[in-house]
Amino acid sequence: MPDYLAFHEFPKTVKELKNFDVVVLSDIGSNSLVLYPELFKVPMGPNRLVTIRDYVRDGGGLVMAGGWYSFAGALGIARYYGTPVEEALPVKISTVDDRVEAPEGVTPRILKPEHEIFKGIPDKWPTFLGYNKVKLKDGADL
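Using the working numbering, the first residue of the sequence shown is number 136, and each one after it goes up by one.
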């Protein structure tokens with residue numbers, strides 16, 4: 136669902152998220168999930184970043200695809216650093232703009248093509264115009 140719908144419709148509970156195998160966050164800033172349409176109502180509702188973290192701890196899948204509103208994002212405005220979503224990811228998120236722009240194009244290099252996450256994924260990847268630079272957490276496997 137697009138970010139403007141997530142603001143209204145993204146599941147609020149782990150039980151609701153369990154209707155899905157995986158949550159894919161792609162170019163959606165954290166505020167689209169933290170805040171609700173009723174901005175001045177206190178409390179607004181459950182913190183959906185906590186919901187995502189707890190869903191992952193319960194065995195649900197999470198993919199954060201890069202973009203201007205992913206990880207730290209452009210000028211740091213995606214703001215996932217220090218959030219429950221960062222806790223659920225195997226990487227550390229920067230506090231500042233983490234984009235690496237590559238107008239000449241970059242192609243991902245898969246280090247472990249036998250990993251189950253790549254099952255059914257073509258060997259040849261498209262060229263990207265950039266990526267978000269992150270660091271692997273201690274003890275995480277890449």
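Watch out, some of these pointers could steer you wrong.
[Unchecked claim] Straight-line C-alpha distance at most 30 angstroms; calculated DSBU-like pairs for lysine-lysine: (1) Lys254 to Lys268; (2) Lys270 to Lys176; (3) Lys270 to Lys259; (4) Lys147 to Lys227; (5) Lys153 to Lys254; (6) Lys150 to Lys259; (7) Lys227 to Lys247; (8) Lys272 to Lys227; (9) Lys176 to Lys153; (10) Lys272 to Lys259; (11) Lys272 to Lys150; (12) Lys270 to Lys254; (13) Lys247 to Lys270; (14) Lys150 to Lys254; (15) Lys176 to Lys147; (16) Lys268 to Lys227; (17) Lys270 to Lys153; (18) Lys259 to Lys227; (19) Lys272 to Lys247.
I should point out that these hints are in silico values taken from the structure, not numbers from a laboratory.
Fair warning: this is a prediction, and the values are worked out from it, not measured in the lab.
Cross-check of the supplied hints:
The hinted pair formed by Lys254 and Lys268 meets the criterion: a straight-line CA distance of about 25 angstroms does not exceed 30 angstroms. Note on Lys270 and Lys176: the hinted pairing is violated, with a Cα-Cα distance of about 37 angstroms set against a maximum of 30 angstroms. A threshold of 30 angstroms between alpha carbons decides the hint, and for Lys270 with Lys259 the separation of about 25 angstroms falls inside it, so the pair holds. Distance restraint check for Lys147 and Lys227: the Cα-Cα separation of roughly 25 angstroms lies within the 30 angstroms cut-off, and the hinted pair is therefore satisfied.
Restraint check for Lys153 and Lys254: satisfied, since their Cα atoms lie roughly 22 angstroms apart, inside the 30 angstroms limit. With a CA separation close to 37 angstroms, the supplied pair Lys150 and Lys259 exceeds the 30 angstroms bound. Among the hinted pairs, Lys227 with Lys247 is consistent with the structure: their alpha-carbon atoms are about 20 angstroms apart, no more than 30 angstroms. Straight-line distance between C-alpha atoms of Lys272 and Lys227 comes to about 6 angstroms, which keeps the hinted pair within the 30 angstroms bound.
A threshold of 30 angstroms between alpha carbons decides the hint, and for Lys176 with Lys153 the separation of about 27 angstroms falls inside it, so the pair holds. Of the supplied pair hints, the one linking Lys272 and Lys259 holds, its CA atoms being roughly 28 angstroms apart against a limit of 30 angstroms. Distance restraint check for Lys272 and Lys150: the Cα-Cα separation of roughly 28 angstroms lies within the 30 angstroms cut-off, and the hinted pair is therefore satisfied. Distance hint between Lys270 and Lys254 is fulfilled; the C-alpha atoms sit about 24 angstroms from each other, no more than 30 angstroms.
With a C-alpha separation of about 17 angstroms, the suggested pairing of Lys247 with Lys270 holds against the 30 angstroms cut-off. Between Lys150 and Lys254 the CA atoms are separated by roughly 27 angstroms; this keeps the pair inside 30 angstroms, and the hint holds. Restraint check for Lys176 and Lys147: satisfied, since their Cα atoms lie roughly 16 angstroms apart, inside the 30 angstroms limit. Pair hint Lys268 plus Lys227 holds up; C-alpha atoms about 10 angstroms apart against a cutoff of 30 angstroms.
For a cut-off of 30 angstroms, the pair hint linking Lys270 to Lys153 stands: about 29 angstroms separates their Cα positions. For the hint pairing Lys259 with Lys227, the CA-to-CA distance comes to about 27 angstroms; that is within 30 angstroms, so the pair holds. With a C-alpha separation of about 18 angstroms, the suggested pair Lys272 and Lys247 falls inside the 30 angstroms cut-off, and the hint holds.
Of the numbered hints given earlier, the model fails hints 2, 6; all others are met.
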